[in-house]
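**Student:** With chain A held as given, fit chain B onto it using these hints.
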Amino acid sequence: MLNEDTIRYVAKLARLGLTDAEVKKFTPQLSGVMEYMEILNEVDTKNVPETSQVTGLKDVFANDEVLKGQASREELLECSELPVDSKQVRVMAAIKQ
Amino acid sequence: MTDLNKLKIREAHEGLKAKKFSSSDLTKACFDEIKKRDKDINAYVSLDEEGALKSAAEIDAKIAKGEDIPMLAGIPAGIKDLINTRGVKTTCCSPFFKDFVPPYDATVIERLKKNGLVILGKTNLDEFACGASTEHSCFGVTKNPHDLTRVAGGSSGGSAAAVAADMAFYALGTDTGGSIRQPASLCGTFGMKVTYGRVSRSGVTAMASSWDTIGHFAKNTDDIASVLQVIAGRDVKDSTTPDIEVPDYSKFLNQDVKGLKIGLPKEYFGEGIEKETADTVKVAVAKLEKAGASVVEVSLPSTKYAIAVYYITMPAELSANLERFDGVRYGKKPEKYPDNLVDYYFAAREAGFGDEIKRRIMIGTYVLSAGYYDAYYKKAQRVRTVIIQDFAKAFEKVDVLIAPVSPFPAFKVGELVDNPLAMYMADALTIPASAAGLPSLACPAGMSANGLPIGLQIIAPQFEEGLTLKVGSALERLR
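In order, the protein sequences belong to chains A and B.
Number 27 in my numbering belongs to position 27 of the first sequence; there are no gaps in the numbering.
Number 263 in my numbering belongs to position 263 of the second sequence; there are no gaps in the numbering.
Quick caveat, the hints were computed from the structure, so don't treat them as lab data.
It is possible that some hints are incorrect.
Below, in silico cross-link-like pairs of lysine to any residue (SDA-like), each with a Cα-Cα straight-line distance of 20 Å or less [claimed, not checked]: (1) B:LYS304 to A:TYR36; (2) B:LYS237 to A:LEU57; (3) B:LYS113 to A:LYS96; (4) B:LYS19 to B:PRO95; (5) A:LYS12 to B:LEU341; (6) A:LYS96 to B:LYS19; (7) B:LYS336 to B:GLU350; (8) B:LYS304 to A:VAL48; (9) A:LYS12 to B:ASP355.
Okay, the calculated bits of chain B under chain A, using three or more residues with CB under 8 Å as the criterion [unchecked claim]: (10) 10–24; (11) 304–317; (12) 385–394.
From chain B, some residues computed to sit far from chain A (all C-beta separations above 10 Å) [stated by the list, open to error]: (13) ASP32; (14) LYS39; (15) GLU50; (16) LYS261; (17) LYS332; (18) LEU421.
Ideal placement from N, C-alpha and C gives every residue a C-beta, glycine not left out.
So that you can see chain A by itself, here it is in the shape it has in the complex (with noise of 0.2 Å):
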């Protein structure tokens, strides 16, 4: 069962404001479908290796040259809603001074 604080907690881990209304919607739909993943441990997977690549790529390389047609700094910088400052987008303080 996830309560309100772990639902406050991972909200916190994933840097995404929730509203209180928010966390008493989702603290019962989450909890539903957490409890429902039980269902996975219904399966014997002793020895059975992790699935994370499918179609068995490995170590893919790719040649060291600059692709053509790419987006230019300027565009991608346009692509920012905050203030630009030297070819650079501005943000706030990370650490209070």
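**Tutor:** Leaving out everything else, chain B in the frame of chain A:
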């Protein structure tokens, strides 16, 4: 000429070459249909009439000069709004990207543009492709063209509805756990979910990276083959695309199915599947049997675990992929925000994401957190292996598998929206093939008694898209 928008791609292509009509005529016919019907259906979230007519005019000029044109040149299409189109707004149907204009094209768009792409507009989806009904879109739900009180399915519901309502000749979509096949089935169109890695995902917003595929909707198997021919193949910008030859897909069409071995997985016809749906699929399979294919029952015993595997690994990957959306380099700046970077992240993500995304970020973060990683994430990856082994065993006995796509036809708008677990069950029959990275072609199988489309899927071993087309094309002939 009337009803140009209802032509097959090949017919439209022949007509263009014979100068019976122009690409501009085809494009205008689609926009006429959109203006007539899309107020009710809501398949498109944005239209680019000016851009489309400009692209069409370029193709028309080439034809006038007597140049040879490729099959897709001048054929108008809808593009799922998760796929980057340079200079054309791409929103992911999220409040976060409501005004985002990408500075580059996705590889699939680049390839289609080289073949004379005409983009009608961008189609609706569940926010970041998370959902099975397009109800989780910040632009509102897409209605089913067959019954406007019902959903078109999702997440690529806009693309499916646009094709089903003749508002596009074909449309691009994405399929992570069923997002092409399920809406194709609910709307009565064809939908191709390719092998994992067959089509490049570069320039498409990532959802669950070990599952995501790009594919398309069309009105018949020939059109499906024509589009696949252009978009499939190795791309240096997506390292999951292997260097495996892309065959001539048109050669798989109109082939005899004599001697073909078809497996019916019994778990896809049993508990939780509406009887009318199961029966309709069986009637279609019987036609293939009559045409010389052999049909046997097979078992995929781990089918019932697929949803749990998916709803652990997918949110885990999704929450990691969406970490980059923090309102700094791109995405909406919240209206009011604190003057501190960490608090800014919280505020931007709170304002930017809808309910379903928040739920999935929470599930993903939870299953990846210390203490739960082994119990949930690793366990799910192991069960995923068991699902893959099931398919491998089945393909020792049969060439393809045929099964229903969705356990039930289109459901009512609002019916499942606040019951996430029930909504997740809508993908019960499409997730397993995704887990194993297999190609699967959704084809219309028939209609329910109350006039709703019922679809079937043809599942083949990896990189055997051609085989699914062979069987789909036979079903079309036998209809």
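**Student:** Evaluate each hint against the coordinates.
**Tutor:** Here is how each hint holds up against the structure:
{"no.": "1", "hint": "B:LYS304 to A:TYR36", "result": "holds, 12 Å"}
{"no.": "2", "hint": "B:LYS237 to A:LEU57", "result": "holds, 15 Å"}
{"no.": "3", "hint": "B:LYS113 to A:LYS96", "result": "violated, 49 Å"}
{"no.": "4", "hint": "B:LYS19 to B:PRO95", "result": "violated, 44 Å"}
{"no.": "5", "hint": "A:LYS12 to B:LEU341", "result": "holds, 14 Å"}
{"no.": "6", "hint": "A:LYS96 to B:LYS19", "result": "violated, 69 Å"}
{"no.": "7", "hint": "B:LYS336 to B:GLU350", "result": "holds, 12 Å"}
{"no.": "8", "hint": "B:LYS304 to A:VAL48", "result": "holds, 18 Å"}
{"no.": "9", "hint": "A:LYS12 to B:ASP355", "result": "holds, 16 Å"}
{"no.": "10", "hint": "10–24", "result": "violated (count 0)"}
{"no.": "11", "hint": "304–317", "result": "holds (count 7)"}
{"no.": "12", "hint": "385–394", "result": "holds (count 3)"}
{"no.": "13", "hint": "ASP32", "result": "holds, 35 Å"}
{"no.": "14", "hint": "LYS39", "result": "holds, 31 Å"}
{"no.": "15", "hint": "GLU50", "result": "holds, 21 Å"}
{"no.": "16", "hint": "LYS261", "result": "holds, 23 Å"}
{"no.": "17", "hint": "LYS332", "result": "violated, 7 Å"}
{"no.": "18", "hint": "LEU421", "result": "violated, 6 Å"}
Hint check: violations occur at hints 3, 4, 6, 10, 17 and 18; the rest are consistent with the structure.
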